[in-house]
Amino acid sequence: MKRRAFSIAAGAILAGVLGFAGPAAAEKVKIGISIPAATHGWTGGLNYQTNRTVDAMRKAFPDVEFIVAAASDPNKQVNDVEDLVATHRINALVILPFESEPLTEPVKQVRKQGVFVTVVDRGLSEPGIENLYVGGNNPQYGVVAAEYFKRKFPNGASIVVMRGIPTAIDNIRIEAFQKALAGTKIKVLDMQYANWNPDKGFQVMQDYLQRFSAIDGVWAGDDDAALGALEAIKQAGRQDKIALLGGSGMNRVVKAVMDGGSPIDADIFYPPTIIIPAIGLTVLRSTTQAPVQGRYVLDSPLITKENAGDYYFAASPY
Amino acid sequence: MALLAVQGLRKSFETTEVLKGIDLSVGRGEVLALVGENGAGKSTLMRVVGGYTPPGAGTLAFEGGPLPGGVDAAEARGIVLVHQEFNLAPHLSAAENVFLGRERMRGPFIDRAGMERDTRQALTLLGCSAPPRARLADLAVSDWQMVELAKALNRRPKLLLMDEPTAVLSAPECERLFACIEAFRANGGSVVFTSHKLDEVKRIADRVAVLRDGEIVRIAPAGALTEHEMATLMVGRPLSDLYPEKPGRLSDAAPLLEVEDLRSPGHVRGASFALRPGEIVGIAGLVGSGRTECFEALLGLRPATAGRFRLRGAERALPGAREAWTLGLAYLTEDRKGKGLLLDKGLRENLLLTDGALSGGPMIDDNAERVVLEEAVAVFSIRARDRGAPVRALSGGNQQKLLVAKTLRPGPELVVFDEPTRGVDIGSKQGVYRVIAGLAAQGRCCVVISSEMAELIGLCHRVIVMRRGRTVGEVAGERMTEQEIVRFAMGLEEAAYV
Amino acid sequence: MSDTALVVRERAGLRGALGAAGPLVALLALVLLGAAVNPAFLGPDNISNVLTRSAIVGIIAVGTTFVITAGGLDLSVGSMSALIAGLMILAMNTLLPFLGAGWTTVLLGMGAALLLGLLCGGLNGLLVVKGGVDAFIATLGTMGVFRSVLTWVANGGSISLDFGLRSVARPIYYGGVFGVSFPLLALLAVSVLGEVALRRMRFGRHVAAIGSNREVARYSAVRVDRVRVLTYVIQGVCVALATLIYVPRLGAATPATGLMWELEAIAAVVIGGTALNGGFGRVWGSVVGVLILGLIQNILNLSNLVSPYLNGAFQGAIIIIAVVLQQRRKPR
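Going line by line, the protein sequences match chains U, B and G. To convert a position in the first sequence, counted from 1, into the working numbering, add 109. Position 54, counted from 1, in the second sequence is what the working numbering calls 35; the numbers after and before it change by one each time, with no gaps. Position 38, counted from 1, in the third sequence is what the working numbering calls 22; the numbers after and before it change by one each time, with no gaps.
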C-alpha cells in the first residue's frame, strides 16, 4: 500500500516533468481531481478508490496526466481548485465538493475558462454549471432505509435514528426517510447527530438504550456509526431484539451481511466507489471525445444476504 | 501660596489606617523628600496625591483650587507620578513608551520621527544614551528608570512625584538624575520623592518630611537634620550602629572557590578571583559591568566557560544550576519578584521550593515542612498573619526575609547576595547585614554585590571592582574608600589584579 | 501592598469557598438536572456507562493537568491517541500468527502502545523544551503529523483488530469487578496517582513552580527542562493508557479516532480549576471536569431538552458557567 502511494507521487512528479519537457507535451491531457480528505470512514474509502482508479487509468492512458488534491475543509478545497486551474492548467476537473454552497462559485469560474467539469455526489447549488454529474441517489438512500423498516415491521415499531454530520446530503436523506415513513405505524422516538463516527454512535446508542426501554430498530445513518451502535447493543445484551441498519456499503458490514448471524442483516449501497465511473467517464471524454454530458445517477439499492457478493470489495480499507 | 497643600489627609485599607491625618505643603520650585520605613505610608501618600487612590478624608489643594479625583485629572493639572515599579511596555521602543497614550500624530499617522527625536533629546538631558528605537526589553534596568522619567517629563508636569527613583541606579547615574532634578526645579518645577538613601536626601532635598506609621513626625530643612537623626526619627527609637562589627577572618584559610578567566557571552569577559571561608567580599561596579552576570555564570545560571575552576582545592568543571545548589553555592537574586519568589504561592511552597521532600523519598512530609517553616519564620522574624496566603500579600521587607530564608535553607558554604538591601528600609537593612555578618562568623563565605558603596565599605572585608565584564581591581583595609572604588569602576586606574 | 491584602480577604470569603468547590457544584447541578429530565439517568447502568465512557478522556486529562500546570500545552493528544490505537492494533494483528489469539499478544500490544506514548510525549517535550518551539505550534505540528501518519498507514480507512483478539481484549472495556468497570478503576488509579504526584510530591511542587514563574524555578535550582519534558512524557503515557481502554471498545482505529479529544481534555482541565496559563493545578478537578462534559452529552441524549442543532451551544454555555462559578483569581 505504502509503495503504491509512493509510486503515485513519483508518477505525478514524473508526469509533471515530462509534461513540460517532452515534445508530446502538446498532446497531453491534464485532469485535476479534487476530493475531501479522509475526515471519516467514507471519505477515507473515497481517497483509496480515487488513488486506485487513477493508478489504473495512468497505465491505460499514458497520455493523460492526473493531479489529485485532497482538502480537509471547504476553504482549502477552493484553494485546491484555483491551484489546479492556475498552476496545472488542467483540461478537466473532477470534483466531489466538500459543501455545495462554497464551491459553487469557484467551480463556475473554472467552467467559464473552458475546463470540462465533472461533479460527483454532492451537487452544486446552481444547476447547469457542470458538464457531467455522477452521483448517488440520496433521496433513495433515505427511502430504502424507510422501506427496510416498513418491511421488517409491518405492524409498526419504535425506532431511533442517528443523523450524520450536519450537511445538505444528511438533510436530503433524513427528509426522504421521514416522508417515506409518514402514515405508517413506525414511530421515530428520537434523532441525534452521530457524525458518521463509531465512537459517537456508541455513545448515542448507549444513551438511547438507557432512555427507551423498548427499541425495535435503529437506523445509524452510516456503517461507521452502526458499528459503534452495535457494540453498545451487544453490551446491553439486546442484539436479538433490535434490528440495526447502517448504510453506504463498508466492506466489513457487507461481509457481515453476506455471512449472516449479525444484528446487521442489510446495508444501503452508497459507496465511495462512486468516484470510479466519474473519473472513467471524464477520461473517456478527454481521450475519445465520447459524448458523456448529462447526469449519471447510481442506484442506492438495499444490500441483503442474497446480493451482498456483488457489493463486496475485499481489498478496500473501507 | 503653596503649589500643593494637603490637610488632614486620612486613608484606610479595610480596618488598617495607613495615613493618619497628614498636613503637608509643597512650594513652587521646591524639592521635598519623604523618608520613612517600608509601610510608613510614603507610597500611599504619593498615590493619593497622584490621583491613583482616592483619599479617605481631608483635603487636597493644588494651585489654590481643590483637586478632583483620578489620575487623568491630576495629570491634566500637572501632577505626574513616577512609580517605583516600572509602568513600561517591554516590547515597545523607548520612544513608544515615552509617548504611550499620548502619541503625537501627523494627520492620521503616528509621527514616529518626531517622537524619536524628542525622546532622544529628553534622554540625552537625563544623560542616558539608550537609542529611542531600542526595545525596552533590550535595555538595562537603569535605562528603564530614565525612560520612565522621560515619559513623566514629557507630560510637562508642575509637580513631579517620584517613588524611589534611585533604587536601581548606580552612583554616576544618580548624579545625572540629580542634575536633572536641579534643572527641573530651576524652571519652577516642584518635586516630591521618596528614598531610602539618606545621604542623597540630604544632598538634593530642600526639606525633609519623616513619616512613621502614617504620621509626619518631623518636617525640617534638609540641612537641619543629620542622617542619623533622620534614621532615628524613622525607626522611632535610638539606632545603634548600622553596620555590625566585621567578624574576624583568617586570611590564610584555604580558598573555598577559585576561578580564573570566567567568561559568559555578551557579559563577562574574563573575571578571576578567589573566595575564602569566613570572609565578606563586596563586588562593586557600574550597572552593566557584569557583576550579576559574573556570579550567575559561576553558579550555572547562564552559559559560561572558565580557564580554571577550583572548589575546595579540587579542580573541576563549572557546575550547572542544580549542581551548584547541591555543592552549597547559593545565589540570592536582586530580582525578588522576577526570579526569587513565586508571588502567587504561600510561604511554605516558596521556602521549600527546591527540596520539599523531607520524608526521605519523593513524598512531601507536611508536618516536617510546617516545623521548618515555623522555624524560619521565627529565625528571620518574618511577619505574616496567614501562612497560606500568597507571598504577594507580604510587605517588601518580609518578602526579602523570606527570600533570604529560602536561599540559606540548604546551609550553603558560599552565598552571593545580589543587591540585598535594594528598596528595603533601614530596620530591615540592618537585619540583612546582621545575617551576612552572622554567616561569615560561622565560617561561610559571603559575596555582596551592591551599588551602594557605603554599604560595601561598611560591611565587607574587601571589595572587588568589575568594569566591562572584567575584574579590574580589589581594595581592602585603608584603601577601601569610595574614591578608590570609583576610580577602578570608571576605568581611571587599571590594577595589576588578574 | 494594602490593596493586595484586600484581595486576599475577599478570596477567603464566600467566593473563595465556592471557588474551591466550584466544579463539584456544577457536577451536582448537572446530576440534579439529569435526574429531573429522565428517571433512567440515575440507573446503575447509565451511571456506569457514563463513567466508563468518560474514563478515556479522563485519563488523558490527568496528563493534560500536568502539562498545563507547568505552563505548557499539548494539542496533539487526540491525534496521538489515533496513532497509538492504529499501531497497537497493527502490532497485535502482526503478532497474531506467531503467538495466537491470547493474552500474550494483547499484553505485547499494550506494551507497544505504552512505549509509543512515551516516545510521542517525549518528542513533544523535546520539541518544546530543547527545540524552543512554542508549545502551541509544536504540538499543533505533531497533531497534524500523528493523524496523517495514521491515515497513511490505514490508507484512509480503518484498522480493525482481528475478531479473535477482539473477544480476548473485550473485557478490558466491558468487564469489571464488583460492578465497577475496569476503565473506571484505571481512571481512579491514574487520578489518585496524579493527585498525589502533583500535590504531595516534590515533582508536583516543581511543576507548579515552573508554571507559576519559570525563572524563579530556574534560580531555585529546579531542573526546569527535565521537569517540563517529563510533563509531556506523562501526557504521552496517559494518552497511551487511555488508548488501551479505547481499542477494545470498538476494536478499530479510524482517521476520526480521538477527534477533538485535545479540546475536551483542555476544557475539562480548565473547568476543574487548573489555571490555563499554569502555576496551579488539581487533578481531581480535571476528572470532575471530564465527568461534567460526559454528563452534558448524556443528558442531551437522554432528553429532548434542546434541539440537536443546539447541542454545541448547551455544552458551551455549561462550560462557561462552570468556569465562571469557580473564578479563583482575578487578573491584576
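Simulated from the structure, these hints should not be mistaken for laboratory data. Quick caveat: nothing in here was measured; it's all calculated off a predicted structure. All C-beta atoms, glycine included, are put in the ideal place defined by N, C-alpha and C. Hints should not be assumed to be uniformly reliable.
Unchecked claim - Okay, the calculated bits of chain B under chain G, using three or more residues with CB under 8 Å as the criterion:
#1 318 to 325
#2 413 to 425
Claimed, not checked - Okay, derived cross-link-like pairs now, SDA-like style, lysine to any residue, Cα gap no bigger than 20 Å in a straight line:
#3 U:343 x G:198
#4 U:343 x G:199
#5 U:168 x U:182
#6 U:343 x G:127
#7 U:343 x G:125
#8 B:178 x B:438
#9 U:343 x G:166
#10 B:318 x G:144
#11 U:364 x G:199
#12 U:259 x U:288
#13 U:185 x G:125
#14 U:185 x G:166
#15 B:318 x G:198
What hint numbers does the structure not satisfy? 2, 3, 4, 5, 6, 7, 10, 11, 14
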